[in-house]
Each structure stands twice: as C-alpha cells, then as structure tokens.
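J.: Residue strings, one per chain:
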Amino acid sequence: MNTIVLDNTTRASGQAETPARVRVTQLRKSFQRHGGGGEVIPVNNISLDVAAHEMVVLLGPSGCGKTTLLRCIAGLETPERGEILINGQTVYSSPSGILLPPNKRPVSMVFQSYALWPHMTLFDNVAYPLQARNVPGRDIRQRVLDTLEVVGLTALAAQYPGQISGGQQQRVALARAVVSQTGVVLFDEPLSNVDARVREQLRLEIRRMQKALGFSGIYVTHDQNEAMAVADRIAVLNDGHMEQIGTPEEIYNLPDTTYVGSFIGSANIWKGTVRSMAADRIVVGTTLGDLVIDPRSELMTNAAPATPGAETRVLVRPESIAVHTAAPATAVNCIECVVDTRVFFGSSTEYLLIAGEERIRVWIPGISSVPERSTVWLTIDPGRLRLIAPSIVANADEGR
Amino acid sequence: MSIAQTQGAQPTRRFRFRVSAFELLSIAVAALIVFLVVYPAVVMLVRVFYVDGQFNASAFQRVASTSWLLPTLGNTAIAVLGGGFVAIVTASLFAWLNERTDARLKVIGDIMPVIPLLVPAVAMAIGWVFLASPGAGFINGALRAIFGPLGLNVQVNILSWPGVIFVYALYFVPYVYLIVAAAFRNIDPALEEASRLSGASMWMTLRRVSLPAIKPALIGASLLIVIVGLSLYSIPVVIANRAGIDILSVRILRSLTFEFPPRTDQAIVLSLFMLAAIATVWTIQRRVTGSGNFATIGGKSARHVLVELGPWKWVARTFMFTYILFTSILPLAALLLVALQPFWRPVIDPATFTLDNFYEALIGRPVTRTGLMHSLGLGMVVGIVGMLLAALMALYVKNAPRSVGRVVDGTMKFPAALSHIVIAVGFLLAFSGPPFNLSGTLLLLFIVYVILHLPEASIAATAAVSQVGKDLLEASETSGASQGRTFRKILLPLIVPGFVSGWALLFVLTAGELTASSLLAGIRNPVVGFVLLDIWEQGTFGTLAALAFTFTMITTAIVLIATLVSRRGFHSR
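Which chain is which? The protein sequence lines are A and B, in order.
Counting in the numbering used here, the first sequence runs from 1 upward without gaps.
Counting in the numbering used here, the second sequence runs from 1 upward without gaps.
By construction, these hints were calculated from the structure, which means they are not laboratory data.
Be aware that one or more of the hints could be misleading.
To be verified - Short derived list, chain A residues pointing at chain B, Cβ under 10 Å:
{"no.": "1", "residue": "Lys104"}
{"no.": "2", "residue": "Val107"}
{"no.": "3", "residue": "Tyr114"}
{"no.": "4", "residue": "Trp117"}
{"no.": "5", "residue": "Arg359"}
By construction, the Cβ of each residue, glycine as well, lies at the ideal position given by its N, Cα and C atoms.
Take these sequences, add in the hints, and give me the full structure.
T.: Take a look at the structure:
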C-alpha cells in the first residue's frame with residue numbers, strides 16, 4: 001500500500017555538528033490553581049535543543065504546557081528551575097540565578113492575535129524592533145522595506161493594521177518578527193486566527209521564509225497538519241512532559257507511546273500480552289486473537305521492548321489494514337468482523353468494524369462499498385504492526 | 001506533585017534581579033504616594049492624642065461635652081439618610097424605566113452619569129438658592145404671579161429641611177442610577193420572562209423577581225451614598241447653613257477657618273467621628289458585596305423584551321426630564337439670570353440685563369480672576385500628572401507580583417475611603433508648617449488635589465490599561481523594547497481615549513474642588529472653590545452667579561470635548 005519513507009538520517013545528520021541555537025535544560029514551571037485546586041505543572045523537566053536553521057514544533061492539546069514553555073523561552077514567564085541558553089547566552093539559569101527580561105533576549109515572537117499595534121502604520125510596526133534595538137536610523141528604512149518585500153506587503157506600508165485583512169496582518173507580524181534578525185523566532189499558534197485557506201498558504205510561506213532567512217524557530221500548535229507542514233522536528237507534549245521528539249515521519253510511523261500514536265493521525269491500539277518471541281516473529285495475544293509482528297520491519301525500529309509474558313500495546317494505522325469480503329487464504333493476522341459504519345471521504349473510504357468488544361478503524365483508498373452490517377475479514381501485514389509503550393502520563397487518552 | 005517537591009524548589013527562586021530604571025521609577029512613585037496618603041493621617045492622630053509627649057484623650061471629652069455635638073450628628077444623619085432614601089427610590093425607578101420599559105431614552109442613559117461633572121454641586125446648590133429662596137427666589141416670583149391674583153399664597157423654601165433633603169437627593173441620584181442600571185442590564189432576562197410566563201403581572205415580576213435580583217446593587221448604592229454624603233460640603237455650606245441646619249462637614253471646616261485660634265483638636269476629633277462612620281459603612285459594604293450571596297450575572301446579556309407602559313410612558317418620560325431640568329437647566333438658568341441682573345430679584349426683565357457682573361467676576365476683582373486662572377491651570381496639570389501616575393501604577397500593578405500589586409492598588413484607592421475633609425485637615429496639619437512650610441502655596445494645593453483624586457484616576461487608568469491586550473505589550477518586549485519604551489510608545493498611545501476622558505474627569509473634579517480648597521487656599525493662592533465660598537459669605541450674589549455660571553460653562557465644554565475626543569477610535573476598515 002503506502003511506501004514508508006524514513007529519512008531521519010538525512011535530517012538528523014546536520015544537527016550533530018552545529019551548536020544548538022536554543023538549549024532548554026531540565027526546565028520546570030508550576031503554579032497553584034486558584035481556589036486551592038492543587039498544583040499544575042505545565043512544564044515538567046523538559047529539555048530541548050533547537051539547531052541552527054531548524055524549526056521545532058511543540059505539538060499537543062490545549063493545556064499540555066506548550067505555550068507556557070514557549071513563553072518561558074521568550075522571558076514572558078519565569079520558570080522555577082532549569083536553564084535556557086539562546087545563541088550560547090544564558091538567559092535563564094536557576095543554579096546561577098540569571099534571569100534576563102524579554103527585551104534582553106535575542107528572540108522575536110509571533111503572537112496568535114498578531115498583536116500589531118493599531119496606532120502605528122505597517123511600516124512603523126515593522127520598524128519598531130529595529131528602533132528598540134538601537135539600529136541606526138538610516139539603515140532602518142531599507143531593512144523595513146526589504147522585509148515587507150519578503151512578505152509581499154510593500155505597497156501597504158502606509159496602511160494601519162485595522163485597514164488590512166487577517167492574513168495580511170499575520171504577514172506583518174511575521175515581518176516584524178524577522179526584521180531584527182535575532183536568529184530565533186518563537187511562534188505562538190500564529191495561524192489559528194486565520195481561515196483555513198489562508199492558513200495553508202501562510203504555513204508554506206513561513207516555511208519558505210525560514211529557509212530563505214535561515215532563522216531557528218520554535219512553533220506552538222495544536223494542529224497536527226500544521227505541525228507536519230512546518231516542522232523539521234516535532235516535540236509532542238503531554239501534560240507538561242515531552243513524550244517524543246522526532247521528524248514528522250518518525251512521529252507518525254514510529255510513535256513511542258500510545259499518546260503519540262493516537263494524537264498524531266488515527267491509530268488502532270490494542271492491549272496485549274507477549275506470547276512468544278523469535279528473531280523473525282513476535283506473537284502478541286489480544287482480545288482479537290494472536291497477532292504476529294515482524295520485528296525486522298522498519299516499523300519496529302526503536303519499538304517498545306517485548307518480554308515474553310509481559311503486557312504491551314500494538315499499534316496499526318487504519319490505512320495499513322486490508323479488508324476482504326470473502327475469507328482470505330491466509331490465517332495470519334486475519335480477523336472476522338462486522339461492518340458498523342461506512343463513511344465516504346472522497347480520497348478514501350472509512351469503515352468502522354466490530355470484532356467482539358473491539359472497534360477497528362480502516363481506511364481504504366478511493367471508493368469502496370461494502371454494505372453496513374455485512375461480515376468481512378481484515379488482514380494486517382506483520383510488517384505493518386508496531387509495539388509501543390503505554391503513555392508516561394497515567395491518565396493519557398489511549399486510542400481515539 | 002507532592003508538597004515536599006514544591007518546597008524543595010523554593011530556594012532556587014532567589015534571583016539577582018536586575019531592576020530596570022522603569023521599575024525603580026514605578027517603585028519610587030508608589031512609595032511617594034504611600035507616604036503622601038499615610039503621613040498626614042499619622043500626623044493627625046499624633047496631634048490629637050499626644051499632648052506634651054503623653055497619651056491624652058481629653059480632646060474627645062471636650063467635644064463630647066459640647067451642646068451642639070448630638071444635634072449636628074443627628075442633622076447630618078437626617079440629611080444624608082433622607083436625601084439618600086428619596087434618591088434611591090427615584091434613581092431605581094429611572095433605572096428600571098430606562099432598562100426595562102419602552103419609556104427608555106438613550107439621552108437619559110448617556111447624560112445621567114455625567115451630570116455631576118457637567119454641573120458642579122456647588123453651582124447647583126447656589127442655583128437652587130436663587131430659584132427657591134423665600135421671597136426672592138424665581139420660582140416664588142412665578143408662584144406669586146400665578147396664585148397671587150387668586151388670593152392664594154403658595155411659596156416654596158429651599159432653605160428648610162425639605163429643601164436640604166431635596167437638593168441632597170438631586171445630588172445622589174446619578175450615583176445610585178449608575179449602580180442600579182448596571183445591575184438591571186446584567187440580570188438574565190430569562191428570569192423575568194419566566195416569571196411573566198408563570199402568569200405573574202408586571203408589578204409582581206418587579207416585586208418578586210427583578211427587585212430581589214438587584215438587591216445587592218441597592219445595598220451597595222445605599223452605602224456609597226452614605227460615604228459620599230458624609231463628606232459632602234458644598235450643599236451643606238450653601239443651603240443647610242443658611243437654613244440654620246448644622247452639618248458635620250461644615251462644623252469641621254469652620255473649626256479651622258472661622259474660629260481664632262483654630263480649634264484644631266476639635267476638627268480632628270470630628271474628622272475621626274466621620275472616619276469611624278465611613279469605616280463602618282465601608283466594612284459593611286465589603287462584607288455585603290464580598291459575600292457572594294448573589295449570583296454575578298455575567299456573559300453576553302440577551303435582548304430584553306421591553307415592558308410597554310402605554311400612556312404612562314409619557315408620564316415616566318416627563319418625570320425623567322424633570323430631573324434633568326432640576327439638576328442642570330433650572331439652576332443654570334437661575335445663575336445666568338442673577339448674573340445678568342444688576343441685583344437679584346425674582347422678576348425677569350431683559351431691559352435691565354447687564355454684563356457688569358461678568359466684568360466684575362472675570363476682570364474687575366483680581367482675586368476672582370486669579371482664582372479662576374489657578375483652578376483651570378491646576379485642573380489641567382493635576383489631570384495630566386494624576387493620569388500619568390495612575391497609568392504608570394496600573395501598568396506596574398499589571399506586571400508586579402500579586403501581593404505588591406494589591407498594596408499599590410489599595411493605596412491608590414485609599415483616599416476614597418477617607419473623605420476630602422479628613423485628607424484636607426491632615427494636609428493642613430502635616431504640610432503647612434515646618435518642615436515643609438507649604439502653607440499658602442499652589443504646590444500644596446497641587447499635591448492635595450492629586451492625592452484626593454487618585455482613586456478616580458486609578459479607576460480610569462486601570463480600565464484603559466485593561467483594554468489594551470496583553471499581547472500588544474508582550475510583542476513590544478519581545479521586539480527588544482525596554483519597559484520604559486513600551487510604556488511611552490505602545491501603552492500611552494493606545495490608552496489615549498481612556499486617558500483623555502480620565503483627564504477631563506480629573507480636570508473637572510480639581511477645578512471645582514471645594515473642601516480642600518476652602519481649607520488650604522487663601523488670598524495668596526486663591527482657587528475657584530475658595531473664591532466662590534468667599535463671595536457667598538459676603539453676599540455679592542451677582543458676581544457669584546457670574547463666576548459660577550462661567551465656570552460651569554467651561555467645565556461643560558471640557559467634558560463634551562473630551563467625550564468627543566475619547567470616542568475616536570483607531571484606524572480601521
């Protein structure tokens with residue numbers, strides 16, 4: 001079916017030599033809920049390196065701590081422990097008691113609300129960071145015009161933010177963030193206020209600008225498509241913890257935990273017990289029966305360790321399952337089910353199948369028309385199954 | 001996370017903060033404000049309780065043994081409570097009419113809150129003396145012309161108990177209206193609709209559902225009135241005093257200005273009485289509004305279905321217009337008439353009109369002219385300085401740790417809990433003599449005006465600052481701007497509308513200030529409030545009317561211009 005591309009070697013290789021532009025070490029931030037509702041730890045011992053020219057996306061649902069982490073890096077929130085280095089300069093360190101205010105840190109930020117100043121023209125908005133950083137007046141004009149050129153808004157330089165569209169406003173906010181060439185740009189859900197069409201266009205533009213201007217970025221979003229589109233690496237956050245960090249392909253194909261597996265894309269995740277282990281096959285007993293997994297497959301790279309008799313989780317993506325209307329010849333990973341619902345999506349058809357207590361989601365490319373309530377057989381290639389660990393956060397959402 | 005781990009994190013929180021110049025400035029300003037508010041109060045207490053280095057409460061005994069103390073306290077209570085009761089009934093009715101019935105008039109809702117600004121209380125009080133004094137009042141002249149031929153003698157007398165309560169009530173109505181109208185706006189209309197659909201009549205709905213829902217607002221308004229009413233000086237000194245009714249605020253100021261040597265200890269003891277009453281009311285108010293006994297009815301308020309009043313609609317509207325007439329148009333007309341007449345008489349004869357009184361008030365009498373100039377100048381400067389300080393503090397409170405923010409915010413609002421009289425007495429004692437020697441200077445007036453109006457400035461500035469999205473300030477910081485630059489280039493320009501209306505408020509309050517002015521101003525540093533009362537005592541009514549009218553026109557113009565300016569928004573599509 002799908003070809004799996006695992007080019008983590010090419011993307012990761014460049015990072016080893018260049019020093020990190022942003023280095024976050026063992027960062028922690030907590031606060032008390034109002035009214036004595038206990039403690040919340042939005043950033044719980046997070047460490048993160050962002051290389052030069054790299055865009056790292058912090059991905060997670062609302063309340064997972066991604067925005068707090070970003071604001072700690074910007075200096076808008078004060079962490080309680082850990083260390084933050086930007087461009088080799090320590091901007092926060094609890095052991096040595098260093099805390100630089102935001103304006104002393106070599107970072108810029110793009111806000112969800114654009115945060116353009118309504119009393120200034122677009123030109124003045126973009127010129128502001130240069131004025132604040134004491135760039136000589138004669139250089140400012142040219143740099144502002146050059147930057148507005150990059151976002152294609154030179155003609156509107158004399159307009160006020162209230163006079164242009166939301167998409168244009170966010171372009172100005174981008175220009176304002178890159179004009180002072182701080183080398184590190186922080187993005188706080190920059191596209192969640194623009195409509196879907198503009199959003200797709202803008203995220204390509206952000207990517208293009210980042211490649212052209214060569215800044216490092218940290219980008220917060222809860223939208224996995226957006227994360228996939230702009231990221232060199234994605235850090236999946238869950239309740240203040242970092243569950244996994246890797247390229248979009250790694251995150252999708254090789255999730256470490258149930259949380260990552262179910263948050264990125266759709267996944268069928270089943271609980272099971274390892275029955276036997278051999279060099280070429282692992283057998284896991286589940287409520288669907290015994291499943292055979294090929295440990296040599298690419299999908300088993302860095303998979304959760306299997307110990308005979310131990311409990312484990314099996315993950316399979318909906319597009320990796322084949323559906324047959326007649327009993328297939330093979331008995332390996334073949335499960336008899338009933339079609340519960342069928343939804344046509346255009347490029348694919350989704351079936352929700354029921355086998356015993358389990359509900360299984362399957363995507364078939366193109367049009368497929370197996371009637372609801374009919375009996376079908378599904379098969380899964382042993383090379384398309386992956387063993388994963390339960391999420392480190394106890395209450396994490398397992399299998400959606 | 002366990003508690004032990006949280007505590008383990010504590011020691012690492014001690015940072016070598018590099019305090020920026022902007023923060024230093026903010027802290028210095030906050031400290032100065034605390035000093036200026038607290039120091040006079042301390043001096044007052046020391047003056048009255050420590051005689052020759054020993055604790056001594058004999059000042060209390062001397063005041064308690066006077067024959068006038070109980071009547072004065074009783075009179076004050078009757079005036080405030082009587083006027084307050086009338087005002088609460090009237091203003092609640094206005095609020096209901098304007099929020100719930102088809103008699104609603106946008107102009108009433110717009111003008112009600114600003115009436116005290118458009119027409120200073122002292123001008124309204126003097127206007128009513130001209131309108132309804134026995135014999136010479138214009139209304140009495142008109143009544144004689146109407147009823148005289150019928151052989152009836154119908155007269156009104158503002159210089160009486162009913163008159164005092166009437167003018168107090170006129171003065172209180174806007175305060176009550178603001179609070180009660182807001183409460184009506186915030187009630188979920190479904191509560192009232194449910195009552196109507198349960199078969200209840202309009203009156204039953206009002207009695208059983210609407211009124212209970214606004215009960216906290218009514219309690220809050222009553223308490224506010226007690227605080228405002230106790231400190232009120234203009235109406236007592238102009239009307240009650242002439243009616244032979246002794247009011248506490250007048251008694252305090254007269255102890256210091258009309259007696260020689262000044263009875264300082266008596267003024268302080270009476271101030272403490274006033275303070276004790278205010279503190280009691282303040283505490284009750286905090287407990288009532290802080291109890292959470294009533295639902296805060298927030299969210300987007302839905303459209304209310306308006307009650308149709310039928311023919312009563314016009315009765316209701318006439319009633320509301322009458323109020324506007326009584327508080328602004330009639331008193332101002334009376335001031336203008338007296339100002340244009342060679343001498344005050346209850347007959348309107350345009351042939352005798354002259355501008356002599358205006359000449360006398362604005363040019364002829366140097367003290368009057370200087371007083372007007374001083375007041376307008378002080379109003380402008382106090383407006384700017386007060387709003388700058390308040391904006392600085394609002395930003396500081398927004399960024400500072402919560403506990404520090406509360407202290408600063410509390411200090412800014414503290415003068416409202418004292419009364420103008422108490423603060424003025426405190427300033428007189430603390431700053432007129434050595435080591436400051438500010439007696440008779442404009443600087444003393446400037447400082448006391450700023451302190452007196454900090455609460456209003458703070459409310460205006462906090463409202464303006466809170467409307468500026470946090471993002472806009474953070475975007476400036478992450479653009480590399482210092483806090484000072486963020487304040488000057490981002491915050492100040494963005495709060496211009498709120499700043500202008502706050503400035504206008506401070507201007508009007510300062511220029512028309514009466515209480516502290518009558519105590520701290522003099523021939524060397526005259527201001528309008530001082531001059532008005534001075535002429536009032538001399539009884540040259542023409543000049544008084546001309547000055548009061550001119551002054552009211554100036555403040556009205558400033559308020560209207562400021563309202564227009566502050567409604568201008570930023571560029572938008």
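J.: Please go over all the hints and tell whether each is borne out by the structure.
T.: Hints versus structure:
1. Lys104: holds (8 Å)
2. Val107: The hint holds - Val107 (chain A) has a Cβ within 10 Å of chain B, the shortest such distance being about 6 Å.
3. Tyr114: Constraint on Tyr114 (chain A) satisfied, holds at 8 Å.
4. Trp117: OK, holds: Trp117 (chain A) within 10 Å of chain B, min 6 Å.
5. Arg359: With a minimum Cβ separation of about 35 Å from chain B (threshold 10 Å), the hint on Arg359 (chain A) is violated.
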